[in-house]
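Participant: Sequence:
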Amino acid sequence: MKLLDLISLYANKTLMFCGGIFLVGMVVLTCTNIACRIFGMPVRGTFELMGFFGAVTAAFALGYTQIKRGHIAVDILMNRFSDRARRALNFTNSLAGMLFFMMAAWQIARKAGILKNFGEVTETLGIIYYPFTFCVALGCGALALVFLTDLIRTILPEREA
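What the sequence shown shows, in this note's numbering, is residues 2 to 162, in sequence order.
Please keep in mind that the hints were generated in silico from the structure rather than gathered at the bench.
The reader is advised that the hints may include incorrect statements.
[To be verified] SDA-like cross-link-like pairs, simulated, lysine to any residue; straight-line CA separation at most 25 Å:
1) K14 x T150
2) K3 x R70
3) K112 x L100
4) K3 x K112
5) K14 x V122
6) K117 x V28
7) K14 x L4
[As the list claims (entries may be wrong)] The following label-pair restraints were derived from C-beta to C-beta distances:
8) N80 x K14: 26 to 34 Å
9) V25 x R85: 44 to 52 Å
10) G71 x W107: 19 to 27 Å
Note that the Cβ used here is the ideal one computed from N, Cα and C, for glycine as well.
Go ahead and model the full structure; you've got the sequences and the hints to work with.
Facilitator: Next comes the structure, spelled out in structure tokens:
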């Protein structure tokens, strides 16, 4: 369990760092575009790049945010349940989340493969965009891994593992 936790944490921290790089790229691109617009020369393809960078940034942040429990949770209701009921709900939530994001990663990766095979490119800059789609699939897969570790932790609490 500890090895799986370490793998999940390291992978998601790495993705979070990469997502941060894309976020910095978004800020630089936005500031550059605003400055260039003042002189009547907007940066071509800003809209395309912002969409791609935003998708990658969000996808890469999913797993680490789940590890840190940064997503919205309804604790008011959960705190009223018994420990056994909470564990059952955590198990159900982790299982459903893991299955959903595994399927999402798989389907998004399939879509990226189709985009690659057809040679799809963006309209303005002519950038191939299947790598960005694969990145989103990777982010979903990393979140599924976090849900898997949560699921195992629910089944085998630390004192028993």
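Participant: What's the verdict on K112 and L100, does the C-alpha distance respect the 25 Å limit or exceed it?
Facilitator: 18 Å, holds
Participant: Taking only the CA atoms, is the gap from K3 to K112 under or equal to 25 Å?
Facilitator: 34 Å, violated
Participant: Next pair to validate is K14 with L4; report whether the Cα-Cα distance is within 25 Å.
Facilitator: The hint holds at about 15 Å.
Participant: With the threshold set at 25 Å, check whether the alpha-carbon distance from K3 to R70 stays at or below it.
Facilitator: 18 Å, holds
Participant: With respect to the beta-carbon atoms only, verify the hint that N80 and K14 lie 26 to 34 Å apart.
Facilitator: 30 Å, holds
Participant: Please work out if K14 and T150 have their alpha carbons no farther apart than 25 Å.
Facilitator: 15 Å, holds
Participant: Measure nothing beyond the straight line between the CA atoms of K117 and V28; if it is 25 Å or shorter, mark the hint as holding.
Facilitator: 28 Å, violated
Participant: Using the C-beta atoms of V25 and R85, is the stated range 44 to 52 Å upheld?
Facilitator: 45 Å, holds
Participant: Does V122 lie within 25 Å of K14 when you go C-alpha to C-alpha?
Facilitator: 30 Å, violated
Participant: G71 and W107, beta-carbon distance inside 19 to 27 Å?
Facilitator: 25 Å, holds
The structure does not agree with the numbered hints 4, 5 and 6 stated previously, though it agrees with the rest.
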